[in-house]
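S.K.: Next come the chains, spelled out residue by residue.
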Amino acid sequence: MAEESLLSVEKLSKYFPIGGGMFAKPKAWVKAVEGVSFNVRKQENFGVVGESGCGKTTMGRMILNLIEPTTGRIVFDGTDITPLSRSRMKPFRRHIQTIFQDPYSSLDPRMKVASIVAEPLRGLGGYDRLQRRRIVAELIAKVGLGRADLDKFPHEFSGGQRQRIGIARALCVRPKLIVADEPVSALDVSIQAQVLNLLDDLKAEFNLSYLFISHDIGVVEHMCDRVAVMYLGRIVEIAGIEAFRRNPLHPYTEALRNAVPAPDPRHRIKPYAMKGDVPDPISPPPGCAFHPRCDYAFEKCSVERPRLKSVESGHDVACWYNDGRGLVMD
Amino acid sequence: MKRFFINRNFTVGFILSIVVIGMAVLSFLWTPHEVNEMNARHRLQGPSMAHPLGTDQYGRDVLSRVMAGAVVSIIVGLVTVAIGVVIGVLLGLASAYYGRFLDEAIMRLSDLMFGFPAVLTAILITSILGPSVINAMLAIGIFYIPIFARLTRATATSEWKKEYVLAARASGIGEWHIIGSHILPNILSPLLIQGTIQFAVAILAEAGLSYLGLGTQPPHPSWGRMLYEAQTFMEMAPWMAIFPGVAIAWAVLGFNLLGDGLRDTLDPKMVRMR
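These protein sequence lines map, in sequence, to chains P and G. For the first sequence, our numbering gives the first residue as 1, with consecutive numbering after it. For the second sequence, our numbering gives the first residue as 1, with consecutive numbering after it.
Hints listed in this document are in silico derivations from the structure and should not be mistaken for laboratory results. Heads up, a few of these hints could be off.
[Claimed, not checked] To give a feel for the contact side, a few chain G residues facing chain P, derived at Cβ under 8 angstroms: (1) Lys162; (2) Tyr164; (3) Leu166; (4) Ala167; (5) Ala168; (6) Arg169; (7) Ala170; (8) Ser171; (9) Gly172; (10) Ile173; (11) Pro185.
If you're wondering where the values come from, they're calculated on a predicted model, not measured in any experiment. Glycine residues also receive a C-beta, built at the ideal position from the N, C-alpha and C atoms.
Looking at chain P on its own, in the form it has when it is part of the complex (with noise of 0.2 angstroms):
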């Protein structure tokens, strides 16, 4: 690709430990992210789709540096940000900016939206409150709220409007690249489609870059260009928008993409439910972690994990049964 990379994530693993006290050891570790891997390029939308629990949240926290890998690198724009101490990772902080997914207790209530918005600027520094000030009023305006807003309490405020605040928090220091975590999945869906128009036009308008976490396939195909799903903390299958919606290779990008209904009320989906639960993560199963609930497991899929091989340009899947060869053709 010749495009160029601005986040590129190699081997990222994170194990969380279980149970143990203050003398004891941990009993077990919960392997939350395993070696993940894949690059967000310059203006460019990256989806992260896959169930609660499979380590989403975990890996977009570990970019934002707020959670130390186990493993793994995080390169920025060139830059190995893993290893930066608080105090050096500071000026990255304004490159890599976030949007949480609740909006009640991502905004202090016991702060004014004016200070909301310029925590980033005060966290970056050198800016005097004259010059913040402007700032967030420049950015409210974008986000489409009032000069007046900037005055009031977040109780004041709906839940769409919230999420525009903390929109505009992420915005005002410029950042390169947005961390959307779950941005729309704690709103009214009416209200979900406008912000995430709001974001495709600030992306226009600042350059960004997205990674965006969702667990809703739908949200991912309309704001994404290029889209991994994760299982059980491993990637399954990454690929192009296109690909994504045509040519679905991994069997679990197959049922979760046949769980979104159509628009269309003629258009008969094919009734399939996915078999069982999500396996639990401290004891996964061996070989592929998705083969209990595949159909088209065989042994070789209880034995020995499949790794992620490339398919056709810039389309990867982890499964012994797709290997190559592509699944469903009608």
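We have chain P already, so just place chain G on it with the hints.
M.R.: Below, chain G alone, put in the same frame as chain P:
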């Protein structure tokens, strides 16, 4: 301010407390008689125009002494709550922030302190250190530390999990700054409520210790001490006991209602701790 006065508890508590505070402030400027002035000719007199609340066994004016006693009560309340809040909040924040070993250590230590009957231990401390109002304040204040430590730990732990803390971290805001600008403002109201209630408890505790002779020392007036001295003259001069007793009940009730009212207004969800 209006929303506070909708609450009856708050309004009544506010009025009662203001009277106590007003009395204390006024006593610096003016009392009907000199507080410690003895007058053998007027001893054990009932309420009259010259002595509205009567006089004690040395002929001292009870009203003047009740007024001056309010000062002691308020100082004790302020100092003990200050000891509890300053040390307790620091310990509670450390407990919530560092977790693990430090958290266990601090919390088990406060369990230990909760296990002792506070008044008995306060008596022990003042007996060892010697009876004085300063030692009484220390003894009461020490027991306030675990109360505020626990409250701070509980509220700060839940604040620290909120996404706005993550947002601040992701913006490169330092941990101290997060504590000052996000955590403390958000845990302030439960602390304020608890502080007001403990203020009332401190007034009662000081009166108790002074009654036992372990608090304020004569001739300085203290409500508890006045009750103790009145005992001997209960039948001859009941006013000597009644008025300091009313003052204690008044102040304790006032600050308790104030605390309850604050809680109902600021934090309807909060469960009262101890």
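S.K.: Determine for every hint whether it applies to the structure shown.
M.R.: A quick look at each hint next to the structure:
1. Lys162: 4 angstroms, holds
2. Tyr164: 4 angstroms, holds
3. Leu166: The hint holds - leucine 166 (chain G) has a Cβ within 8 angstroms of chain P, the shortest such distance being about 6 angstroms.
4. Ala167: With a minimum Cβ separation of about 6 angstroms from chain P (threshold 8 angstroms), the hint on alanine 167 (chain G) holds.
5. Ala168: Holds, because the Cβ-Cβ distance from alanine 168 (chain G) to chain P comes to roughly 6 angstroms (cut-off 8 angstroms).
6. Arg169: 6 angstroms, holds
7. Ala170: At about 5 angstroms, which falls below the 8 angstroms cut-off, the nearest Cβ of chain P leaves the hint on alanine 170 (chain G) intact, so it holds.
8. Ser171: Interface hint status for serine 171 (chain G): holds (4 angstroms vs cutoff 8 angstroms).
9. Gly172: Status holds, d = 4 angstroms.
10. Ile173: Constraint on isoleucine 173 (chain G) satisfied, holds at 5 angstroms.
11. Pro185: 4 angstroms, holds
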